[in-house]
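Student: Just need the whole structure built from these sequences, with the hints factored in.
If you're matching positions, the sequence shown starts at 271 in the numbering used here and goes up one per residue.
To be clear, the hints were calculated from the coordinates, so they are not data collected in a lab. The beta-carbon is built from N, C-alpha and C at its ideal position, and this holds for glycine as well. Check the hints yourself; a few may be wrong.
Capping the alpha-carbon separation at 35 Å, the derived lysine-lysine pairs in DSBU-like fashion look like this [what the hints assert, rightly or not]: (1) Lys351 / Lys376; (2) Lys351 / Lys419; (3) Lys567 / Lys419; (4) Lys376 / Lys567; (5) Lys351 / Lys567.
Okay, the calculated beta carbon distance ranges per label pair [claimed, not checked]: (6) Glu541 / Ser600: 36 to 42 Å; (7) Arg406 / Ala352: 39 to 45 Å; (8) Asp499 / Ala467: 24 to 30 Å; (9) Glu534 / Ser308: 22 to 28 Å; (10) Asp449 / Arg342: 16 to 22 Å; (11) Ala396 / Arg342: 33 to 39 Å; (12) Gly375 / Ala396: 43 to 49 Å.
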Amino acid sequence: MLDQRRRTVLKRGTAVASLGLSTAGCLDSLAGSGGLESLSVAYVPIYPNMHHYVMSEEGLYDDVSADVTPERFASGPDVVKAFAGDEIDVAFFGITPAMVLVDRGKAAGVLTVNSCEGFRVMGTSAFATLCDEHGRDAFSRFESREGRKPRIGAAPDGSVPDVVLRYWIERDLDLGELDSVVSKSTVPPARTPQAMASGDLDATMIQEPYATAIGDGDGDFQSVAWSGDVFPDHPVTVMFAQERVLEATDLSRELVSAHLEATEFIRENPETAAEHASAVIGSGTSDERAAAAMESKAANFYSDPHRITDPTERIAEYVADVGNTDAVVSTEELFHFDAYDAVRE
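Tutor: Below you can see the structure in the form of structure tokens.
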């Protein structure tokens, strides 16, 4: 467990921030402190949701005044559907689904970021060698040699890895629309190492610890690119909350405070955090592999939502350009900075 003294200091920091507000702010806080005795928190068991595992296993949810009930979902689309239907209060999921929900009129907001720059392109040695030797021309050379386009696996259309994959092909490499360059397959992250090993894919845009799992093989697979080079500082997952949670001022601040403690724990105790993740994720993710993945460039965990404002604006423009949203979702619509700013004062 975290040092109780550290937890108390952070909670006192929240209280001090509250005392420093204007009279109107105090009235808002009092008005928003009640009404939610229980809180459902949804997550998909993926590595980028590391904060949730730490918050669960280290008892940080115990410092939240509402009774927290974690709810596990099999896929991102399942969480989005439940969130859209008001079945859950808080969700750990991708920044792009959050944009889509806000674009469709959902009253909700991002409280914190969880992870950034969280993907690696892993390829067969043959494909990786082409990329290393010929850069953007590797795709056309591969098609000429193999008589087909490279087969690349990623999560479903509209997900963050899908958006980053498309950005890599269409904007970073400037090769044209994704479908004209590669044959994309929708493959769940946990099944991707097997799909690579069986020869079903030539490459994948994949998060940890599966990127490490693919690279841990007998040398047949190599890293081709890191999403942090493709799209610097891009967010992956966020803590997204319903309006009723945002309006419960004390509760939203408690969630942010717990999240900040989780960030600190991850940085100070990476191996233990990795063990918490592997215990929840399962799917063949061992403690050793989860710990090894913490050394990856694609294992970046933060809390500060301000850090991702600029890259989120660029993602929002791209998401609108490809038609996933009707308009560019602004940071003012998407983020709820008040809780984070109050806790950090």
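Student: Confirm or reject each hint.
Tutor: These are the hints, each one checked on the structure:
For a cut-off of 35 Å, the pair hint linking Lys351 to Lys376 stands: about 12 Å separates their Cα positions. Straight-line distance between C-alpha atoms of Lys351 and Lys419 comes to about 33 Å, which keeps the hinted pair within the 35 Å bound. Our distance criterion of 35 Å between C-alpha atoms is met by Lys567 and Lys419, whose separation comes to about 28 Å. Distance restraint check for Lys376 and Lys567: the Cα-Cα separation of roughly 33 Å lies within the 35 Å cut-off, and the hinted pair is therefore satisfied.
With a CA separation close to 31 Å, the supplied pair Lys351 and Lys567 stays within the 35 Å bound. At roughly 40 Å, the beta carbons of Glu541 and Ser600 sit within the given window of 36 to 42 Å. One distance hint, 39 to 45 Å for the beta-carbon pair Arg406 and Ala352, holds here, with the actual separation near 40 Å. Our hint of 24 to 30 Å for Asp499 and Ala467 holds, since their Cβ atoms are close to 26 Å apart.
Checked against the hint of 22 to 28 Å, the pair Glu534 and Ser308 passes, with Cβ atoms roughly 27 Å apart. For Asp449 and Arg342, the Cβ-Cβ distance of about 33 Å falls outside the hinted range of 16 to 22 Å, so the restraint is violated. At roughly 38 Å, the beta-carbon separation of Ala396 and Arg342 lies within the given 33 to 39 Å, and the hint holds. For Gly375 and Ala396, the hinted distance range of 43 to 49 Å is satisfied, since their beta carbons lie about 47 Å from each other.
In this structure, only the earlier hint numbered 10 is contradicted, and the remaining ones agree with it.
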